[in-house]
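A.B. asks: Protein chains in written order, with our numbering: chain A, 33 to 373; chain B, 33 to 373; chain C, 33 to 373; chain D, 33 to 373.
Warning: the hint list may mix true and false statements.
Chain copies aren't distinguished; within one or between two, either way the pair holds.
Said to hold, decoys possible - Derived pair list, reagent style DSSO-like, types lysine-lysine, alpha-carbon separation capped at 30 Å:
id, residue 1, residue 2
1, Lys251, Lys47
2, Lys345, Lys145
3, Lys335, Lys154
4, Lys303, Lys145
5, Lys154, Lys330
6, Lys256, Lys345
7, Lys145, Lys47
8, Lys293, Lys309
9, Lys251, Lys293
10, Lys335, Lys368
11, Lys330, Lys47
Keep in mind that the hints were calculated from the coordinates and are not lab data.
Protein chains: 4
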Amino acid sequence: MLSFENDYSEGAHEKILQRFLETNFVQVPGYGNDPYSESAKEKIRAACQCPQAEIFFLTGGTQTNAVVIDSMLQAYEGVVSAQTGHVNAHEAGAIEYTGHKVMPLPQYDGKMKAEDLESLLKTFWQDESHEHMVFPGMVYISHPTEYGTLYTKQELTDLSAVCRRYHIPLYLDGARLGYGLMSRQTDVTLPDIAELCDVFYIGGTKVGALCSEAVVFTKNNMPKYFLTHVKQHGALLAKGRLAGVQFDTLFTDNLYFEISKHAIDMAELLKQGLAEKGYPFFIDSPTNQQFIILEDEKMETLKEQVRFCFWEKLDDTHTVVRFATSWATPEENIRKLMELL
Amino acid sequence: MLSFENDYSEGAHEKILQRFLETNFVQVPGYGNDPYSESAKEKIRAACQCPQAEIFFLTGGTQTNAVVIDSMLQAYEGVVSAQTGHVNAHEAGAIEYTGHKVMPLPQYDGKMKAEDLESLLKTFWQDESHEHMVFPGMVYISHPTEYGTLYTKQELTDLSAVCRRYHIPLYLDGARLGYGLMSRQTDVTLPDIAELCDVFYIGGTKVGALCSEAVVFTKNNMPKYFLTHVKQHGALLAKGRLAGVQFDTLFTDNLYFEISKHAIDMAELLKQGLAEKGYPFFIDSPTNQQFIILEDEKMETLKEQVRFCFWEKLDDTHTVVRFATSWATPEENIRKLMELL
Amino acid sequence: MLSFENDYSEGAHEKILQRFLETNFVQVPGYGNDPYSESAKEKIRAACQCPQAEIFFLTGGTQTNAVVIDSMLQAYEGVVSAQTGHVNAHEAGAIEYTGHKVMPLPQYDGKMKAEDLESLLKTFWQDESHEHMVFPGMVYISHPTEYGTLYTKQELTDLSAVCRRYHIPLYLDGARLGYGLMSRQTDVTLPDIAELCDVFYIGGTKVGALCSEAVVFTKNNMPKYFLTHVKQHGALLAKGRLAGVQFDTLFTDNLYFEISKHAIDMAELLKQGLAEKGYPFFIDSPTNQQFIILEDEKMETLKEQVRFCFWEKLDDTHTVVRFATSWATPEENIRKLMELL
Amino acid sequence: MLSFENDYSEGAHEKILQRFLETNFVQVPGYGNDPYSESAKEKIRAACQCPQAEIFFLTGGTQTNAVVIDSMLQAYEGVVSAQTGHVNAHEAGAIEYTGHKVMPLPQYDGKMKAEDLESLLKTFWQDESHEHMVFPGMVYISHPTEYGTLYTKQELTDLSAVCRRYHIPLYLDGARLGYGLMSRQTDVTLPDIAELCDVFYIGGTKVGALCSEAVVFTKNNMPKYFLTHVKQHGALLAKGRLAGVQFDTLFTDNLYFEISKHAIDMAELLKQGLAEKGYPFFIDSPTNQQFIILEDEKMETLKEQVRFCFWEKLDDTHTVVRFATSWATPEENIRKLMELL
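Using the sequences plus the hints, can you model the full thing?
C.D. replies: This is the structure we're talking about:
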């Protein structure tokens, strides 16, 4: 059955699998000390135009968020997130499991506003009894957000400025970063992110890899003994080459960006088709996730022929659903979907 | 350079990589609900002769130990382990990070004795103030142990009997289980383990996979909402196929056992060679890890030509080192090593 | 200086101190196994008309909330609270420190609505991906709330019914329970609370004791080995008599209720005086905490003569402040305050 | 019935109770910002000859150990303790609950040897794979130990020197510190401890107070926002005066030392009596805890007339029991006990 359920339904880009085969019997040290990981890090530093970047490979968004947030916060600090942030809503309490509160702010199309953030920070520090409360110790944003939306460069700059004024790090969750960077409606580049954020991750799992995400610390601020933190969280790969080979391949010859662009091209085709057929959009998303509103009856019929993702009930007779394209979506599938709709 | 440093220096068995290629563009659901995972579980149940077994795939020994132990223990319980148990010594405090004490018992060639365990449990429950202490809530053993040694079927049966008498689960860490099962000196089979243990894992990372371990709950005792526990620990793979394809391949046509047998054959060759050349053994290991005692000078010379693992200082002039074979060790490498020694 | 800053500015009711003196040299067992604790528990059971109640004494609201919530929740569960709930706002992340999320609901004068709760629970269980989210595992309410307001018996009954429908416990934080029970505008009695809630605590620290709160489990639902949970949280008193003597005295001859009534009488005098002088109230509180709106200039002048509690900035020129009466407030102090205002 | 069960069977020194009465209605700020706490801190600083000492009052040994250790350690660090250390054996896993491993060393009459400590630290840092293990981040000793024994000044100096060489703090658990300082066989003074340790606590609960212990940070090393750490652990008293009044009284006119001396005098009487009657000692304790070996039959008879503490089974027919004196033991009780024995 045709599936637009998510962007992790297929395996990995074939060049990655080929590279696994080619390098398979080279004996290399474990725990990330292999030449593939080293090479991948060099290429990522170059792509970020951030030669001092410290990079570590982890597996999956929830793991990455938990390890980064827990290792960068003091025990008495929490992390500020838009209410719809993945860490607040869809990670089974993995952040609270590490002992830290997620401090929610209002969301606007999935995004946090710099003025809301500033207000929270100002109110906290002005409150005479703030030592009895959770200290806001880090800001978490996702880009693209859970709704597929993107921060503008100005918005990122403003958030970054507030963070610096209050001496707390800005952390960007880039689970779908490639799709954000290759959106036709963005003015944000990878070097911008490296400059404006203190730490971020480049998602691999949803952008062509079987697994693995690259955490990038941009300001010589990787926590001391980070490998030990990672191991303590059960997140250290014995065969670090698994991540290394994947990211080395993705950052060779622009592959990460090209396959991300393909997903965006497919999303734009899909978007155009949906618009032409008169499906109402729930939100205007410039990336690979498209949210439309379906009558429940229509939805039930459609379910028999194509897989998509239930998002939320809108009212008694309508539902918001998500269609996602990815690096692996063939153009033919878009055409087939259009016929079904 | 020739390496006998460990059993995770190479990638994965080529049949696994081939299978990745073959299945790469099949669209499947995430989080372990894919057909490859289902098929792998069926095959593992059959190999264990345990049709009711509940199986979950995780990544890496430390992660697996932390998730299994934390999700099966009550908050006030700890896990009993031989002093040399991996959870007690080499996992960066990952168990304590989840809030549970590792309660050490004396070790004999890396193994725990049933009488020591019984004595600890008896003493605990007889102590009138035991509510002020950590409750022993689970027993952890590794098989093969960190020293490459193996429990006999009688020893396992005795440990299991003590656990049942005190109503606590027996957990077996099988990071290198294949090498244990194919040892020439064992009377323990996979079905024995499934019968005598309440939970155990079949290690993939060190036995032919790129990553992934299969946790097997044998007594209808998988913790409720285990997937949520796993996600909360940051251990849930979005692309569950990564584990599924690997274990499905390993448990097809006996592959897991055949490649394990190869490692044992290589270890026996190595052992014989070492003995012939007069190297003293630190311990008599019947599996793929061989521990010998080297004069420090000899060790320094050898280091320039072959990679092996520092184990511990024996005295001022001698060091214990480890040579490991694996599923990937070519017979030629053993010959080359023999020439060097 | 005159102080209405809070309800914990004085020591303890003198009858408690006298009882310390009388019992001081009686040798009794530790950890709560003393006759004073036993007697106090009997009296509390009688006052609650709940003969099967299991009771444990802890110290302070934050400690009590953390121990109760952590010991009653499964690892993957969180606690639902009104956004203004003490556990969500003013406990330095003590709940998250134990690994559990506080799941906020809208507040109405500090209270949670049964329909909001039902909606959250229904939405959670209907969501197909709920195993990726935090399970709502308990409901936390405070009575009186942080704003001094009270649930009606009907409101409590409705919340209780929702909790039972979804099989999760209802927990009532009674840090100021005495003041709630003796309010002139309540129809809720202590036996009502024991019937409708699954667990609650009777606050001592703010109602006449030096420290100590009495946790009451009403449904034979005290977590197994609760003493060990308590000790693990560092909350077990060696000299359990400290709590026992205090609660035994408070629940002898109705003392807890009489001194609470006194605080309410004082609060009503204060309220009447403030109203007569035309001070606008921020909220209509029927208990010992009164919130009024002051012009900032007026506030600064007043600060020099009387201590009160900053609550929050209302706008650029006005501030909400709190005046609290207590068991210890002399009527004379109300008169003095009225002269100042 | 006569009781020598422990040193917390009575209430508090009467001067403390009198002081509660005298100060009861003085209105003071909460959370330790009261004048009694300030005065107590000044007096403790003077007694320690450590004018820069930072002091915080907590309640109970387990709570104090958990808060101090957790707030001073990095996430990847554990605390080194003699195997018999209270944190390792009798605190229900309260340290592990905070995420940190207790790293046991051999004990000699309850004490740790500097050379064992040095060896552990040296081995750790020399091990090439130490980033995969728990970092030893603090040393915990108790003085008196759980066996009533004491470190000599030389032993403390040696431990302190090792700690400084490895840049980790030395923490002394002084639950019974008064009894240690007033022992007839010690050369260690309170200023010695303040100089040699980085942090320690002066026990109140077992030395004349109802509750409360005074944590002393001696090297300007109190963790930042320590009050917030304390609150997060549920350990912050609203009525800080409860601790303040107690310690202010104990450190006025040498009271803490005088009542400790009384306990020692009683212990020496007891010891002499036991020796004269030919009871074999299990260990030679110079403080208020005396351990003797009883035939099981004798023990059962004795139990009917006097309370003492079961310590451990020695063999099939003998048991080690503990008799404890305290600040509250009347000389008459020693005489009565001697008649019974």
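A.B. asks: State for each hint whether it applies.
C.D. replies: Going down the list of hints, with the structure as the test:
no. : hint              : in the structure
1   : Lys251 <-> Lys47  : neither (32 Å within a copy, 43 Å between copies)
2   : Lys345 <-> Lys145 : both (26 Å within a copy, 21 Å between copies)
3   : Lys335 <-> Lys154 : between (48 Å within a copy, 23 Å between copies)
4   : Lys303 <-> Lys145 : within (27 Å within a copy, 40 Å between copies)
5   : Lys154 <-> Lys330 : between (48 Å within a copy, 24 Å between copies)
6   : Lys256 <-> Lys345 : between (45 Å within a copy, 28 Å between copies)
7   : Lys145 <-> Lys47  : neither (40 Å within a copy, 51 Å between copies)
8   : Lys293 <-> Lys309 : within (24 Å within a copy, 61 Å between copies)
9   : Lys251 <-> Lys293 : within (29 Å within a copy, 49 Å between copies)
10  : Lys335 <-> Lys368 : within (14 Å within a copy, 61 Å between copies)
11  : Lys330 <-> Lys47  : neither (39 Å within a copy, 44 Å between copies)
Of the hints listed earlier, those the structure fails to meet are numbers 1, 7, 11, in rising order.
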